[in-house]
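Q: Given chain A's structure and the hints, the job is docking chain B onto it.
Number of protein chains: 2
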Amino acid sequence: MRILILGGDGYLGWPTAMRLSARGHEVSVVDNFSRRRWHVQHSTDSLIPVRPLAERIDAWREVSGNEISSFVGSIEDAEFIDAVLTDTAPETIVHYGEQPSAPFSMISRKHALETQRTNVLGTLNLLFGIRDKVPDCHLVKLGTMGEYGTPEIDIEEGFIEIEHKGRKDTLPFPKMPGSLYHLSKVHDSHNIHFACRIWGLRSTDLNQGVVYGVETDETALDERLTTRFDYDEVFGTVLNRFCVQAVIGHPLTVYGEGGQTRGFLNIRDTLQCVELAIGNPPELGEYRVFNQFTEQFSVSELAELVRRSAAEVGYEVEVRKYPNPRVEAEQHYYNAVNTKLLDLGLKPHHLGEELVRSMLETIERHRDRVIERAILPSTQWKPGELEVPEIAALRAPRPR
Amino acid sequence: MRILILGGDGYLGWPTAMRLSARGHEVSVVDNFSRRRWHVQHSTDSLIPVRPLAERIDAWREVSGNEISSFVGSIEDAEFIDAVLTDTAPETIVHYGEQPSAPFSMISRKHALETQRTNVLGTLNLLFGIRDKVPDCHLVKLGTMGEYGTPEIDIEEGFIEIEHKGRKDTLPFPKMPGSLYHLSKVHDSHNIHFACRIWGLRSTDLNQGVVYGVETDETALDERLTTRFDYDEVFGTVLNRFCVQAVIGHPLTVYGEGGQTRGFLNIRDTLQCVELAIGNPPELGEYRVFNQFTEQFSVSELAELVRRSAAEVGYEVEVRKYPNPRVEAEQHYYNAVNTKLLDLGLKPHHLGEELVRSMLETIERHRDRVIERAILPSTQWKPGELEVPEIAALRAPRPR
Chain A
6 MRILILGGDG YLGWPTAMRL SARGHEVSVV DNFSRRRWHV QHSTDSLIPV
56 RPLAERIDAW REVSGNEISS FVGSIEDAEF IDAVLTDTAP ETIVHYGEQP
106 SAPFSMISRK HALETQRTNV LGTLNLLFGI RDKVPDCHLV KLGTMGEYGT
156 PEIDIEEGFI EIEHKGRKDT LPFPKMPGSL YHLSKVHDSH NIHFACRIWG
206 LRSTDLNQGV VYGVETDETA LDERLTTRFD YDEVFGTVLN RFCVQAVIGH
256 PLTVYGEGGQ TRGFLNIRDT LQCVELAIGN PPELGEYRVF NQFTEQFSVS
306 ELAELVRRSA AEVGYEVEVR KYPNPRVEAE QHYYNAVNTK LLDLGLKPHH
356 LGEELVRSML ETIERHRDRV IERAILPSTQ WKPGELEVPE IAALRAPRPR
Chain B
6 MRILILGGDG YLGWPTAMRL SARGHEVSVV DNFSRRRWHV QHSTDSLIPV
56 RPLAERIDAW REVSGNEISS FVGSIEDAEF IDAVLTDTAP ETIVHYGEQP
106 SAPFSMISRK HALETQRTNV LGTLNLLFGI RDKVPDCHLV KLGTMGEYGT
156 PEIDIEEGFI EIEHKGRKDT LPFPKMPGSL YHLSKVHDSH NIHFACRIWG
206 LRSTDLNQGV VYGVETDETA LDERLTTRFD YDEVFGTVLN RFCVQAVIGH
256 PLTVYGEGGQ TRGFLNIRDT LQCVELAIGN PPELGEYRVF NQFTEQFSVS
306 ELAELVRRSA AEVGYEVEVR KYPNPRVEAE QHYYNAVNTK LLDLGLKPHH
356 LGEELVRSML ETIERHRDRV IERAILPSTQ WKPGELEVPE IAALRAPRPR
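As you go down the protein sequences, you meet chains A and B in turn.
The opening residue of the first sequence carries number 6 in the numbering used here; numbering runs sequentially from there.
The opening residue of the second sequence carries number 6 in the numbering used here; numbering runs sequentially from there.
Quick caveat, the hints were computed from the structure, so don't treat them as lab data.
Nothing here was measured: the structure is a model prediction, and the numbers come from that model.
Warning: the hint list may mix true and false statements.
Remember, identical chains collapse to one label, so a pair may be satisfied in a single copy or spanning two.
[Unchecked claim] Derived EDC-like pairs: lysine to aspartate or glutamate, alpha-carbon spacing no greater than 20 Å straight-line:
(1) 173 x 162
(2) 345 x 280
(3) 138 x 96
(4) 138 x 390
(5) 387 x 137
(6) 115 x 72
(7) 115 x 359
(8) 138 x 228
(9) 115 x 60
(10) 345 x 162
(11) 387 x 262
(12) 326 x 141
(13) 138 x 366
(14) 387 x 335
(15) 387 x 288
(16) 173 x 159
(17) 173 x 161
(18) 387 x 87
Bound-form chain A, shown alone (with noise of 0.2 Å):
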């Protein structure tokens, strides 16, 4: 199949398109380096060195004899998504190519509206894109979990079928998401779903919880091919960020009470995600919406998991509750649907001490490379709330 993948120089990006291309797909992907920029402006980086794109994909020619496409530039750019989607004429396009990071969006004015600009307008400009070029394209959107929110009943995927008044319909599943990075996914799932009722396009919105790890089968096939792992306070994951906390011997920096609860996955899940959404699409006209996570875990829970694991091979970890700079709840109800991935046949890996300890190992091999400046939260929901918490002072880290 002919497989177009934006975005394909990010976390998720470049494990896919490897993935696609090993299963013998004609995979090219589209990244204009946004997420590298960002690393430069904001002084951070991803703690596992990065290759150049043109590197990795001379890497993996070089380990799979496979060839990766790939043209640089943007997905707001008209002229350019048109002339890729004529090149390439993809049967299928993973669409990761956005600004991913609520702390990010959360920065300033300017971060938020590049934020909605680069997210909402190109995915809209690259739906135009599909209509006049690839139409029968299936589009794969990732979109997120946090575009629900915390409401008091259960998360149905995309949609749910509300009787009111002695009537029914099945309508979008109503959203309140918790920052204008989510809102900016949350107008795209509206645009997407649009362009399938009107255009007839289709498309599958994989509303993914949060992502943890960093290896796959084809990372670890050559040490240049691996992907980006950042834990830093705006594009760090939680539990990517706890881990490298856990080395280097900071506080885990639980934000207010902890009890926030999401929907986690393996990074190994959501290639497995992607490949069932591919292998199944949707009929032209159809916008489906899959929840895709394999569990949920409360921000506490996630930090006793690596203190007790972190424990077990020799670092002293203590967990810190600091004030949240978030406005969110911290304790809720929280129960989200996610069987549509699982009646495709996903096989979850699940979180477990082994898992964490390898994540603490491969960390432990580039901590030199932390930057401390970054791990502590001083992105603010409501600026002026709170003081900047100072670095905690680093005890000495205790390595097996």
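A: Quick look at chain B alone, frame taken from chain A:
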């Protein structure tokens, strides 16, 4: 009260500015003249000639003795909008400053992107300005009933209580709008709701129906104070368009079956509703939605009303069904709640033959300005689906 009106040169913005000025408020207006520019670009124009903003303001001073201040610029410009907010220190902002047409948003990719950029990013930029400069200010935002689409259940005012699997929550009403313009308003609603929840701003989102009519107490005072009257397929709303067609002897352009049912209101009631919202502000942190319309009609009912009213004063009017350029349900359930503004004291002006005849008279005075080319639907929701109809041969019109 200090009131800032965004889009103060527009169809509703200018009459609102005069009304609030007449009531003794300290009124400022912002406009970047996009609406005038779009008409120039499409070779269309208001049927009734409208004076430049500065002349209108001079005329208003002469007629009423009241001063209206004006600022020319875009709400997408952070520096500009911050300076205006600082300078005028508004206690209320009435926000009409958006691209207001569904067909405009569907003309092309460029029009779609301009619509979502102008509306969504413009309003997001404004929200930051309010947060940082005038956080207590009440934002009265013009939304649209079209945000809801046409669900099989009754449409509530912004929120709906959902009982699901034994639990309950009150959540945003699910949205399935019918154009990329309407989507921009959905995105706005989500962003504004967020700003209220997270930053503690306050806002009233007026989900307005289709407005008709052109005369208010203030526009009637002097010809130079008139507001614009659009009848073209892009910016003209349905009743205004039918009345012009009746006068020039063009068949009334019913799209498809004509069973499309929507909420409607007189321009006089728009002003009443905005005054009621301003006079009864929400608490800080509150986001509330009022459904702002007074009656529901189907397109066929409106066509019949215009035909009947026009016949009584000597016009012979044909109602004709045209292939529908939009993708929409032409027969559907529609029942929307609109009690919140009535509870605040709204006294509706109901639509009847008298109002239609008064519109016909106004149009008759300007019939030599009608641009026939601009009447027939040429903007298609699914390009390439329809033959664009020829302009119907005009019968000799029969004025009284």
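Q: Could you run down the list of hints and mark each one as holding or not?
A: Evaluated hints:
Both within a single protomer and between protomers do residue 173 and residue 162 lie at most 20 Å apart by alpha-carbon distance, with minima of 18 Å and 18 Å respectively. Taking CA atoms no more than 20 Å apart as the test, residue 345 paired with residue 280 passes inside one copy only; the shortest distance there is 14 Å, against 49 Å between copies. Taking the closest pair of Cα atoms, residue 138 and residue 96 come within 20 Å of each other only inside a single copy of the chain (11 Å); across copies the shortest separation is 49 Å, beyond that limit. For the homomeric pair residue 138 and residue 390, the shortest alpha-carbon distance between copies (16 Å) is at most 20 Å, but the shortest distance inside one copy (49 Å) is not.
With identical chains, the CA atoms of residue 387 and residue 137 are at most 20 Å apart between copies only, with a shortest distance of 11 Å across copies and 42 Å within one. For the homomeric pair residue 115 and residue 72, neither the shortest alpha-carbon distance inside one copy (38 Å) nor that between copies (35 Å) is at most 20 Å. Proximity of residue 115 to residue 359 under the C-alpha cut-off of 20 Å is found in neither arrangement, the shortest distances being 41 Å within a copy and 52 Å between copies. In the homo-oligomer, the alpha carbons of residue 138 and residue 228 never lie at most 20 Å apart, since the shortest distance is 38 Å inside one protomer and 51 Å across protomers.
For the homomeric pair residue 115 and residue 60, neither the shortest alpha-carbon distance inside one copy (32 Å) nor that between copies (36 Å) is at most 20 Å. For the identical chains of this complex, residue 345 and residue 162 are intra-copy neighbours only, at 8 Å inside a copy versus 32 Å across copies, given an alpha-carbon limit of 20 Å. In this homomeric assembly, residue 387 and residue 262 come within 20 Å of each other (Cα to Cα) only inside a single copy, at 18 Å, whereas the closest approach across copies is 50 Å. For a Cα distance limit of 20 Å, the shortest separation of residue 326 from residue 141 qualifies neither inside one copy, at 50 Å, nor across copies, at 32 Å.
When the C-alpha separation of residue 138 and residue 366 is checked against a cutoff of 20 Å, the pair qualifies neither within a copy, at 47 Å, nor between copies, at 49 Å. For a Cα distance limit of 20 Å, the shortest separation of residue 387 from residue 335 inside one copy, 16 Å, qualifies, whereas the shortest one across copies, 46 Å, does not. For the homomeric pair residue 387 and residue 288, the shortest alpha-carbon distance between copies (18 Å) is at most 20 Å, but the shortest distance inside one copy (43 Å) is not. Taking identical chains as interchangeable, the C-alpha atoms of residue 173 and residue 159 lie at most 20 Å apart whether they share a chain (18 Å) or sit on different chains (9 Å).
For the homomeric pair residue 173 and residue 161, the shortest alpha-carbon distances inside one copy (16 Å) and between copies (14 Å) are both at most 20 Å. In this assembly of identical chains, residue 387 and residue 87 lie within 20 Å of each other by CA distance solely across copies; the values are 19 Å between and 40 Å within a copy.
The structure fails to meet hints 6, 7, 8, 9, 12, 13 from the earlier list, while all remaining hints are met.
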